[in-house]
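The residues making up each chain are set out below.
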Amino acid sequence: MKKVFRTLALLALTCSIGATAQASTPEEDLKAFQDFFAKRFPNVETQDFVNGAYSIDPVGRENWEAIEEFPPYEPFIDDGMTMWETPFANGKTYKDCFPDGPAMKGKYPYWNKEKGMVITLELALNQCREANGEKPLKYKKGPINNIVSYVASESRGQVTNVEIPKDDPRALQAYENGKKFYYARRGQLNFSCSHCHLQNAGMILRTEVLSPAIGHTTHFPVYRSKWGTVGTLHRRFTGCNKQVRAKPFKAHGEEYRNLEYFLTYMSNGLPLNGPGARK
Amino acid sequence: MHKKLILLLTLLAAIVCGGTTTTLLADEASMAKVQKLIDAADAARKEAASVGGEWRDTGKMIKKAKKLLKKGDYTAAAKLANDAAKQGHLGYEQAMSQKDLKMPSYLHY
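These protein sequence lines are chains E and H, in that order.
If you're matching positions, the first sequence starts at 1 in my numbering and goes up one per residue.
If you're matching positions, the second sequence starts at 1001 in my numbering and goes up one per residue.
Treat the hints with care, as some may be off.
[As the list claims (entries may be wrong)] Using 30 Å as the maximum straight-line C-alpha spacing, the simulated DSS-like pairs for lysine-lysine come out as follows:
#1 31/E to 113/E
#2 1033/H to 250/E
#3 242/E to 1063/H
#4 141/E to 1060/H
#5 250/E to 1004/H
#6 1070/H to 180/E
#7 1046/H to 115/E
#8 115/E to 135/E
#9 138/E to 1060/H
Read the hints as simulated data drawn from the structure, not as lab findings.
Turn these sequences into a full structure, and let the hints steer you where they fit.
Now the structure itself:
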């Protein structure tokens, strides 16, 4: 065990050589990020990165295409539609909070100036419930996944287009904090998100092909065979933090909200294709 | 015969009770010592958490150390508490070392 840590520490040292802190704009970040993957996987169409590891793993892709013929997330969409249409105890429905209807995933996450924070879809749904005297849903497991599956399915084809409003410096700060989170080493194993999903994208970790970070947010929520159910993006964040033996953060707390803000911005221009299915 | 038996029992009682008192005293000392280690570990864990650097298992290790302490397994409890404290310190240092953004060199601007 000690040896492993020493090797990892050494790796940490070599990796940090050449790393610089640079003040770059979100637009420059986006370009560098998407260029990196275009060069790394020259045979993959940019739009196909929405399919995660299956955009770069032909064998996995075949299995997945077979699964998609009878999508395992379909019952969740149906239950979500029922939730959307069922009135709260006060007689109102989700539609009263979201008059434009359920095809709204493309609007999230967004910077809310009055509240001074990033609003995610799950947060907005729970705010709607609370405003109508209902209990908020739990963020990682359970019925939140139904309603989010329904919204995702209705929003298919919308294009990721996260904005960082220039008239509020706190929005840029939230983005920067999410970015810092993404590139920061963490946990006993001393890995950052970027170590697995940029630097080592396409490599195999245990039995899984590490997916490229571009397109990471387009298909959520996701039916994962390992979970045996649909799960949210923040549940995935939790799992990836635990994997490197870091204590995960609160779902839809500030850290993960800012992380989602940054990570979704990095997929700007890619179509929404949720819910997805993964191994 | 009767007297002898009473004497013997008294002696025995004295030995047993005396023995218990000394072990009790020793127990209290070790318990307090290990409790201190556990408190220190928890303080280290909280310091790491205050900068977002807490590791996954530190809290669990502290909980387990507390259980072992209750059971009287001081050696194991002390070892776990020390390991947890080390994790707390390392997690804190790690987070501090990552305070400034470090963009990887393979991203080209």
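Violated hints, by number in ascending order, as checked against the structure:
Violated hints: 2, 5 and 6; rest satisfied.
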